[in-house]
Amino acid sequence: MNTRLQVEHPVTELATGTDLVRTQIRVAEGRPLPWTQAEISIRGHAIECRIYAEDPEQDFRPSLGELLVVSEPSGPGIRVDSGVRQGDEVTMFYDPLIAKLCVHGDTRAAAIDRAVAALKSYAVLGVKTNIEYLIAILQQPKFAQGDFHTGFIAEHMDRWRSGRDADADLALAVTAVAEYTHLRRGSATSGDEGTEEMPTPWDTLGHFRIKGMG
Amino acid sequence: VSQTMKLNFKIDGEDALVSVRADGTDWRLEIGGQEVQLQAERDQTGVWTVETHQGRRRLWLARRGNERYIFCEGISHTIVLPDLEHDDDEATITGGPNLMADMPGKVVKVVVELGQEVSAGQTMLILESMKMETEITATCDGVVAAIHVTGGQLIAQGDRLLDLTPSEASS
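Respectively, the protein sequence lines represent chains A and B.
Per our numbering, residue 17 is the first one in the first sequence, and the count goes up by one each step.
Per our numbering, residue 42 is the first one in the second sequence, and the count goes up by one each step.
In isolation and in its complexed conformation, chain B is listed as follows:
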């Protein structure tokens, strides 16, 4: 049994409530009280082909933060998702020497080793979110005190990645 998902969209500045559920190969939606049934397929280049009772259309879709952009036959739309996504596209690091993930993603590689001395700006981890790789660099000179993740691991927002002991401010 497929579940119904309700989404509060804002399209081109107007509120729109959409509910969607999968029904075999079809999709059943309710948009502003109107029922819509369609088939949708996304090809390898990311282009959607959608078939409704009105015919077949091709749509391009892009995402940035909580915004979605749609292009269909010369016309563009901007749809905003209020609560679903984090506002920020990239995995950013909340300050201090203890690094935490600001966004769900995957650890591509741990570049440093436990006990290794690092200098500010040096790459320590490579993360991936939404198909974008982000290098996590040391916020200060120091020694790697703990590594909480390994390559290939999935991480959630707020997960602790790595601890850094700042070196003495001798220089």
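Chain A extracted, bound-state conformation:
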């Protein structure tokens, strides 16, 4: 018997409606399994995407540094098992796994659509991530058809290139607007960009401290 929890256990949980961690603890307490095999059925499709701080354009080398922004997606059929928070540092001492994004949908196509939408609103800034690469895999027609195997990456993702060039003007525009707003306020004032008229929670909450500073 292998008593380990699979790294993919969220997929099992989403597809069967069970809570394996809770069950494992109950069993360890000497209580019986809450269900029998016959009572378990698979419903819909579940997909797990592992979000890594790594650079797909540099042979998936770990990308180290502080996570300046971590904004996780949420909504029906979306689950994020995450081990880090905004402000944490990705260091060389651990695996650069940021989180497991897990989705559930009635069909494979629905699960894929949900995963793509969730990844598109999963903002991680400060380090490179594999988010764009994961979206590209999910959008491969062969992946949608369920036609994948251990040679899938070599076969279909070999010519992958980031699509950021097409997007560059918008990024430049927003950065310019943010800088304009920031600089017009004067560099001697404290605070971040674009909060000229509106008080933000950061203003009203009081001061916070970044660990390791000072």
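Read the hints as simulated data drawn from the structure, not as lab findings.
Where a beta carbon is used, it is the ideal one built from N, C-alpha and C, also for glycine.
Mixed in with the good hints, there may be bad ones.
As the list claims (entries may be wrong) - Chain B is nowhere near these chain A residues, computed Cβ spacing over 12 Å in every case:
#1 VAL23
#2 THR39
#3 GLU45
#4 ARG47
#5 THR52
#6 ILE94
#7 ASP122
#8 GLN161
#9 GLU171
#10 ALA192
Stated by the list, open to error - Okay, the calculated bits of chain B under chain A, using three or more residues with CB under 8 Å as the criterion:
#11 48–54
#12 71–78
#13 105–111
Got chain A; can you put chain B on it based on the hints?
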């Protein structure tokens, strides 16, 4: 009349000249010779919603030193601002017992009093820059000889904050 700001960016390693000016609630930009018009709003969580003729997009932006990071619909960009910002994020102190601000910011609190004896490492001032608080500690044992700032005061780079007279090296 709104002024036009010209910015020399480097995006994902490529140079890009951007000019920007506010026009009522709109922004008018020129990026690599192309005119762009948009509306932009930043919500309380720091997320930007941008509306162009191509539709509405949500963008996340983070700053670190002279680097800006942008996330939009799964794609990330790094933009470098060559001349605008200091390279260092935190207010650091140029050595010696006379403390000077290395970055513009605000004095949150002066913790020590004039004439007070302090030991190396003791917190004397708390500064704030870019929403981060930094404790300014004594570089050596000594006596506070002068305090040039007060709580709440805005400070510029190079401003003298506090003088410390090192104690005799008797110990």
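Next item on the list: Determine which of the earlier numbered hints do not hold for this structure and return their numbers in increasing order.
Entry: 10
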